[in-house]
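**Student:** So the protein lines, in turn, are chains A and B. The opening residue of the first sequence carries number 1 in the working numbering; numbering runs sequentially from there. The opening residue of the second sequence carries number 1 in the working numbering; numbering runs sequentially from there.
Among the hints, erroneous ones may be present.
The list that follows gives simulated cross-link-like pairs (lysine-lysine, DSS-like), each with its CA atoms no further than 25 Å apart [stated by the list, open to error]: (1) K298(A) / K103(B); (2) K318(A) / K72(B); (3) K78(B) / K298(A); (4) K78(B) / K318(A); (5) K72(A) / K298(B); (6) K318(B) / K78(A); (7) K72(A) / K129(A); (8) K228(B) / K156(B); (9) K39(A) / K318(B).
So these bits of chain B aren't anywhere near chain A, every CB distance computed over 10 Å [to be verified]: (10) K39; (11) Q195; (12) V269.
Partial list, computed: chain A residues near chain B (C-beta under 8 Å) [as the list claims (entries may be wrong)]: (13) G36; (14) S37; (15) R64; (16) L69; (17) K72; (18) H77; (19) I168; (20) G291; (21) R307; (22) Y325.
Because the hints were derived from the structure by calculation, they are not lab data. Model, not experiment: these values are computed from the prediction. We put the beta carbon where it would ideally sit given N, CA and C, even for glycine.
Number of protein chains: 2
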Amino acid sequence: MKFTIEGTDSKARAGRLETSHGCVETPFFMPVATQGSVKAVDPTDLMEAGSQIILSNAYHLYLRPGDELISKMGGLHKFMGWDRPILTDSGGFQGFSLRDLRKIYDDGIQFRSHIDGSEHMITPQSIVKIQENLGSDIIMPLDVCLPTTSDKESLKVGLYKTSEWMQICLESKKNDEQALFGIVQGGIYDDLREQSAEFMTSLDMPGYSIGGLSVGESKADMYRIAGKTAGLLPDEKPRYLMGVGSPEDLVENVANGIDMFDCVLPTRVARNGALFTKKGRVNVNTSRFRGVDCPIDKDCRCYTCLRFSVGYLHHLFKAREYLAYRLASIHNITFINDLTRNMRDAIMACKFHEFYNAFMADYVPVSSS
Amino acid sequence: MKFTIEGTDSKARAGRLETSHGCVETPFFMPVATQGSVKAVDPTDLMEAGSQIILSNAYHLYLRPGDELISKMGGLHKFMGWDRPILTDSGGFQGFSLRDLRKIYDDGIQFRSHIDGSEHMITPQSIVKIQENLGSDIIMPLDVCLPTTSDKESLKVGLYKTSEWMQICLESKKNDEQALFGIVQGGIYDDLREQSAEFMTSLDMPGYSIGGLSVGESKADMYRIAGKTAGLLPDEKPRYLMGVGSPEDLVENVANGIDMFDCVLPTRVARNGALFTKKGRVNVNTSRFRGVDCPIDKDCRCYTCLRFSVGYLHHLFKAREYLAYRLASIHNITFINDLTRNMRDAIMACKFHEFYNAFMADYVPVSSS
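Bound conformation, chain A alone (with noise of 0.2 Å):
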């Protein structure tokens, strides 16, 4: 894997990322398909929605269908009928996600399967192993993810643990051809960052992530560490900010110096109605949309606004109908990789201060909505 800075603009940066399937451009937005599909939508939409790279879940494919089972169809971009580039998530976040179906030893993590209740163990070791059989562009280190209201001596254990685990990763990590990064934790807590950011620097990975975010500090806290952790990577390295993903974050988290991003956020709340627009989102499940016949947004090129107007979506919606699902999911996709794509032209343009003023000057978001 090759990354190259082609633009900077204060701490924003521009970039161009070569992985075994095609080259993507930064900043990036990676839809989540979480069990091998994005939620609703299939590649020819997300390609359409301009989506270079997307998301999946080592863990989860283990689990179902089972990673020895992709690798015998010839991979994951094979069984999924997706040729860009994949970054797979390790399972780590699942440790958090799924912490009531979990424990956490010196070893690896045992996950009881949300499927069927069987147990699992799944190791630093196994985890390389199975992204090996997934055949994903860029893999991720087993990582120990707490919730950010952790007490910090657990996190300084995580971090520890984290630390091991990445070694061992590393040491068994054997295709050439895939981009292990390196995961910085250390939850809110500047020391912590630094500590865990000067250990993964050290083994000179190909790319960090900043892990242990967006699980349940503010807003305020999240953008000052992970613009602090940012600051503490090699600036040749690409930089992934995991779980983030609404536009506003991604706006200022590009500012932090961030390129790369997926989320569950975007498709989860286009299933329930929820539309970006410049102006912040809005429910298209609201009564102020029935009867009205134009795009959700008239500036937006994407699939559904092209062919559907918001009245329509809103009936689809209130009828229930699978189509909604689809179309709003486009929306919101098409919405944030735009968004990227806008904020890294401003970048190469030397004008990403004034496209930072002008989204938050109309972009609400929902808390303060």
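Following the hints, position chain B against chain A.
**Tutor:** Frame of chain A, contents of chain B only:
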């Protein structure tokens, strides 16, 4: 509306129907967009699947979002983004399928809405007005559709009412761009069918539907009555067998001289994982499809089969991913459209008998598998 017969082979017919939204070749199948969306697919999918015309439902659209709202938004074609022909059913069938929520009176059917419990009187006059608001190309009169298991006296009374209402619909109709069909009722009684056909053909409608089948009778009765009734209708008008749409039923009834079909079956069973193949339906949920790296049908050229393995579909169904429903629906709609297209080609080549025998030799219907 103009109908031209282009070829016949024994009783089977290949024709051409000219509507205000373009030409349609017969025999054809109409996927069902009850609420203004063919479940889980969109207009682009339908066009790619080879659909020339779709069916929607006047009663359902009257309830939600309202035919007047659709009229204000430019009509049903524009509302749902489909610019090819649309046939709307009246709500007569809902008098059967929602019979716990309706009462039949002399002047119409009183429905209790399944959405909010409100009361709605649908009359022959109002159903024409509703369909004029929708702007569909082919419209249906309000009819009395009873289970075929009803006693003969009730069927007879229903028939008289259907005839009276037909006359009222005809008198209420104002828009010359729309073709109002007659509906022949009469259950499984030859004499009632004769009586109904005689009345309907006396009105010289642009096309005739055969209603009241596939509502409780045996397949043998359905084939017999459809064939019998088709023979009572004028050669030069299109014949539409309502609510029939399994592959074997289409082949039997094209042999009977039917030109038009609609049914929720292909899309409904698709959403349960039942996929059509030349040898019959297969259930993609079964474990024999796990890890199978080839399409559902290697000869199928549908969007789904060209891009995804049946092993991936199996996974999507197991994981309850929305994409499963869309991909399976696209396959089944394409299968049915290809089937009608192949029947047409066989009729034009005077080889329908060979086609029929070959199909029946390979295809195992569900009931006997």
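**Student:** For each hint, tell me whether it holds in the structure or not.
**Tutor:** Evaluated hints:
1. K298(A) / K103(B): Measuring from Cα to Cα gives roughly 46 Å; hence the hint is violated.
2. K318(A) / K72(B): holds, 19 Å
3. K78(B) / K298(A): With Cα atoms ~17 Å apart, K78(B) and K298(A) stay inside 25 Å; holds.
4. K78(B) / K318(A): Holds - the C-alpha atoms of K318(A) and K78(B) are around 19 Å apart, at most 25 Å.
5. K72(A) / K298(B): holds, 19 Å
6. K318(B) / K78(A): holds, 19 Å
7. K72(A) / K129(A): Judged against 25 Å, a Cα distance of about 14 Å means the pair holds.
8. K228(B) / K156(B): Holds - the C-alpha atoms of K156(B) and K228(B) are around 18 Å apart, at most 25 Å.
9. K39(A) / K318(B): Cα-Cα ~14 Å, so holds.
10. K39: violated, 6 Å
11. Q195: Per Cβ check, Q195(B) is outside 10 Å of chain A; nearest 39 Å; holds.
12. V269: The assertion about V269(B) holds, with a minimum of 15 Å to chain A.
13. G36: holds, 7 Å
14. S37: holds, 4 Å
15. R64: With a minimum Cβ separation of about 6 Å from chain B (threshold 8 Å), the hint on R64(A) holds.
16. L69: Hint holds; L69(A) Cβ to chain B Cβ min 5 Å, cut 8 Å.
17. K72: holds, 6 Å
18. H77: Since chain B brings no Cβ nearer than about 12 Å to H77(A), farther than 8 Å, the hint is violated.
19. I168: violated, 30 Å
20. G291: holds, 5 Å
21. R307: Given a least distance of 5 Å, the restraint on R307(A) holds.
22. Y325: Check passed: Cβ of Y325(A) comes within 6 Å of chain B, closer than 8 Å.
Checked against the numbered hints above, the structure breaks hints 1, 10, 18 and 19 and satisfies the rest.
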